[in-house]
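Residue-level listing of the chains:
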Amino acid sequence: MDLAIETVNLTKRFQKAKSYREMLLRPFAKQDITALRNVSLSVKAGETFALVGPNGAGKTTLIKILSTLILPTAGDAFVAGHEVKRQPAEIKRRIGCVVAEERSFYWRLTGRQNLNFFAVLNNIPKAAVKERVDEVIAQVGLERHADKAFKAYSTGMKQRLAIGRALLADPEIVLFDEPTKSLDRPTAQLIRGLIADFATRMPKRTVFFATHDLQEAEELAGRLALLDCGELKACGTPAELRRAICERKRYTLRLRQPNERVANVLRQFATAGQPAGTRAAEGTCFLVEITNTGDISSVIRELVQAGAQIVECTPVKPSLGEVFDFLTRGGT
Amino acid sequence: MSVVRKPLAFISRDIIEEASYKLAFLMRIGGVFLASFTFFFLSKLIGKGSVPYLQPYGGDYFSFVLIGIAFAGYNQMALSGFSRRIREAQMKGTLEAVLLTQTSIPTIVLCSALYTFIWTSFTVVLYLLVGVVVLGVRMSGANLPGALLVLVLTVASFSGVGIISASFVMVFKKGDPLAFTLTAASFLLGGVYYPVAVLPSALQKISYILPIRHSLDAMRLCLLRQASFKMIAPNVIALTVFSAILLPLGFLCFQYAVKRAKIAGSLTHY
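One line per chain: the protein sequences are A and B, in this order. Residues 1 to 332 (my numbering) make up the first sequence, in order. Residues 1001 to 1270 (my numbering) make up the second sequence, in order.
It should be emphasised that the hints constitute simulated quantities derived from the structure, not laboratory data. Hints may be right or wrong, so weigh each one.
Stated by the list, open to error - Which stretches of chain A does chain B cover? Using the computed rule of at least three CB atoms under 8 Å from a CB of chain B, they are:
1) 81 to 94
2) 108 to 117
3) 199 to 213
Note that CB positions come from ideal geometry on N, CA and C, so glycine has one too.
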């Protein structure tokens, strides 16, 4: 199995900035902030992989380590088989990186001039620069705007140009750091389309992206890693992650005219507080959570014995948000 | 040709950017004329009062100071040019994008300052043209190959200091004690506005450790006194030693600074 990215017990600690008072009183004391703690994950070549976590989870730190802009404190990280600490030049030849930073371009140059500049810096042969720049401009749909000054671009256009820049050198691995951050819904959808299109058209290329948007992660990625406070909480396909909370199966029961005895039975089986009830034309809906040790058939049996008329019983698939909450809040 | 592609890309980028700020562009050209005329009239005031000090350089204060301010530009360019470009890129947010490319960090640092070097050279030529054509400075028979050699060594030795200075910016972001101290010392002791000979002897001795002193001395001898290579040899040797020590030292410092910034995660902070 070819691995595009691999981290082994990757740890990053940053030194905390000192106040003037601390500089005077404890000039040699060091205070660390741990951004990543023993993160081990592997991404196969050709995979679209999402790194999911809230702000401050350590996503950007991990992306910056993989792109060789930050050195890890401990552990190892490999990109396309090359070690980030010792082979940064080899890695930079193989990656494209999209940072969510619109200031990373020269505002007084046009989009095309910007791409020409970065093409030269990425060692694209002189004869191929024009063709390659035209190709990526078309790929990100900026043909009509390529010769406008970058400062006149909308936020979405800037992000499309950033994607174009990352694709210039036809990289094996593309790293996206929050590719849809600060974008409105249609533009975010457009960017997601570009990423999906890239992953589909270039199946051997690896896409590794960081996002706090679980829906986006599920839409684009085959596998995800959940990161919280610098720790890897879980890693797998969305289905695998959902199974992580399968000990808490949830069902929606629709009952017709439930009586007090029925409500008591429901209270008995609900594991998290009172069962939620909503009235609908066909009956009253109840959300019932049972643990692995429980069984929905026994709940139904007891409800029927209590006089319930069950219209419908549907298992509820947990959202990735719920999976994330479960994993990051210690399963409460 | 591939060797010059990256430097040309940086120069082209900077020309487009700088030329788009039209007022600043024109004001800088105007500044050359303003400084030239200011010192021209100042030289009239000084008259022949300081001739003994100026004798080694031909005796004319205006010619002396014109070369001083013109070539001190290289000193300032090298001392602050590298660090200023790195700081600008940090502030603009473009440094991260450039560092992510397949271009080595030393190439990025050197190429970033190329436009400033070209601009400085342009202003030097402008100073000399204004001096010679408009204000009557005589430079006939100047040792131009010698001046060129001195110029190359000047840029090399000053750049070494400039890259060390950029290392400070890489780590501390703002506040560069080296550039501050050396700029002040260069203007005070380097013989930009007055001959080093007017300084007390202790300060004259200190001035020998400043590359600018040797650079300006040699440049004045080449352009104003038609000095031979033999006459400028001590200055050329001093500048060669400075270059041989300061350039490699500059790159070592910068490499260390980048590593520190990568450990601190502050490579692109400002």
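Against the structure, the hints come out as follows:
1. 81 to 94: The restraint on the segment 81 to 94 of chain A holds, since 3 of its residues have a Cβ under 8 Å from chain B and three suffice.
2. 108 to 117: Holds: 5 residues of the segment 108 to 117 of chain A have a Cβ under 8 Å from chain B.
3. 199 to 213: violated (count 0)
Of the numbered hints listed earlier, the single one contradicted by the structure is hint 3.
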